[in-house]
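Residues per chain are reported as follows:
Number of protein chains: 2
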Amino acid sequence: MSNKPRTVFIVSDGTGITAETFSHSILAQFETNFKQIRLPFVNTIDKAHQALSEINQNATKFGEKPIVFTTLVNPEINELINSSQAMVLDMFHTFVAPLEIELQLKSTHAMGRFHQNIETESYKNRIEAINFSLAHDDGQSHKNLEEADVILVGVSRSGKTPTCLYLAMQYGIKSANYPLIPDDFERGELPSELHKYFPKLFGLTIEAQRLSQIRNERRPGSKYAALENCRYEINEAQAMMDRHSIPWLSSTHKSIEEIATTILQIIKSDKSIY
Amino acid sequence: MSNKPRTVFIVSDGTGITAETFSHSILAQFETNFKQIRLPFVNTIDKAHQALSEINQNATKFGEKPIVFTTLVNPEINELINSSQAMVLDMFHTFVAPLEIELQLKSTHAMGRFHQNIETESYKNRIEAINFSLAHDDGQSHKNLEEADVILVGVSRSGKTPTCLYLAMQYGIKSANYPLIPDDFERGELPSELHKYFPKLFGLTIEAQRLSQIRNERRPGSKYAALENCRYEINEAQAMMDRHSIPWLSSTHKSIEEIATTILQIIKSDKSIY
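Chains as they are written, first to last, in the working numbering: chain U, 1 to 274; chain V, 1 to 274.
Do not rely on the hints blindly, as some may be mistaken.
[Said to hold, decoys possible] Pairs of lysine to aspartate or glutamate residues, derived as EDC-like cross-links and limited to a Cα-Cα distance of at most 16 Å, are as follows:
1) U:LYS65 / V:GLU100
2) U:LYS254 / V:GLU119
3) V:LYS35 / V:GLU79
[To be verified] Which stretches of chain V does chain U cover? Using the computed rule of at least three CB atoms under 8 Å from a CB of chain U, they are:
4) 30 to 42
5) 48 to 60
6) 118 to 127
7) 142 to 156
8) 191 to 197
9) 200 to 212
10) 239 to 248
Derived by calculation from the structure, the hints in this document are not laboratory data. Each residue gets a CB set at the ideal place from its N, CA and C atoms; glycine is no exception.
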């Protein structure tokens, strides 16, 4: 790896979050170092001039072209940034132009951050879903459980909470989660509150070794964290899920994004978008 | 608007979340209807053939080209999807090819979902930050408050909790939040626990009308939700923040993404990435 990192600018008229996330997955393909500078909210000609000047100064200072990822809807602002002494990767217009031809429609050049626009139904659903998930975390409330799109079950620390929050934040899905605890295993029965919601139940499981490690970070040396106990709880929970034909997956090697996407494929078909 | 929606496929070797988010902001530029179908985890030749066949069947059925957004690192899989009877917008290779030239490096063609890869530091930080934010929501714990990157303060329901969760989930930022309540205003002092953390404090405020509306959804007709009371709390909170020179912003017209991005600009400089 070269020691001198190449500068990467993320320039957007909005938050630039999509451009940033995308740029990371592109840049991860190259075995060299990058230094990132975010320039969000570049939504006026004035701010575009400031951004342009910052990019050009960087080019002069380091004697090489910075890489610039842009999502800029406004053509005038976009043109200014495109005129910089940089390598500009124009995420927006690269795809809008061919789409105009294919769809035989002119694009509106309106700010396109609809997923993040607080006046939309989609945004309101996301916030409502976050509140719902927080109120129904760890089985703490049975109120309005019938409103849940999905109810995650699994042993403590199997990844239910972050998955629920991600489903809410990204997709506006109302998810509750309910821990399966030793009491349930002794009784050999799912918590009675869940019996009327079978079609909404989805299970998470996890390898015993990994669970023990996670629990030991929380409560070192406890019975709760002991490998034997983890193994027992996981076996019982899986048997219980299988008995009730609850679909489940293992979170051991999956990120919350991967778990959420998989659950979404199972519980929810795609919907029309706007 | 035309009544017959055009089909949009999101095809990815990973979750497809970035491609989906990005496609929404692009498609929002066109005043027509779209129907979205997600095809995540297309990471084998077999799955690529299945995806190809689904796309082609759709093209035949509707007699027009579906729009296909792809993020496919593997060139063989990518080529297969590119051969479909669709308009393919290849987010990945469109930008990797010119970058190879500019950087004078070959890309690794390795799966690029590093932000979501559970073995990375970045992913572990995100999960740890989510747990931290949940443990330090609504002032419920002062333990390890010194570990917080930022502590949000503001009146109840000003948007602190979802902002903290977003900062954690997207950026791995440890954020706590602390409500400013009538007791604090009567005493005319910030909660004493916060006094040693001034440099980490950031305030959220909100318009009284909007706050009253949000609180009324929770507790209809309560004093808590009354416009007069909201106005009082907001004025007191803003005065308190100004007195202590705590930077603040209004969440009234901002999404959690916009609030988080703004906070990030203020509290945290950009860091080198991998």
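- Item | Structure-inconsistent hints, enumerated in ascending order | 3, 5, 7, 8, 9 and 10
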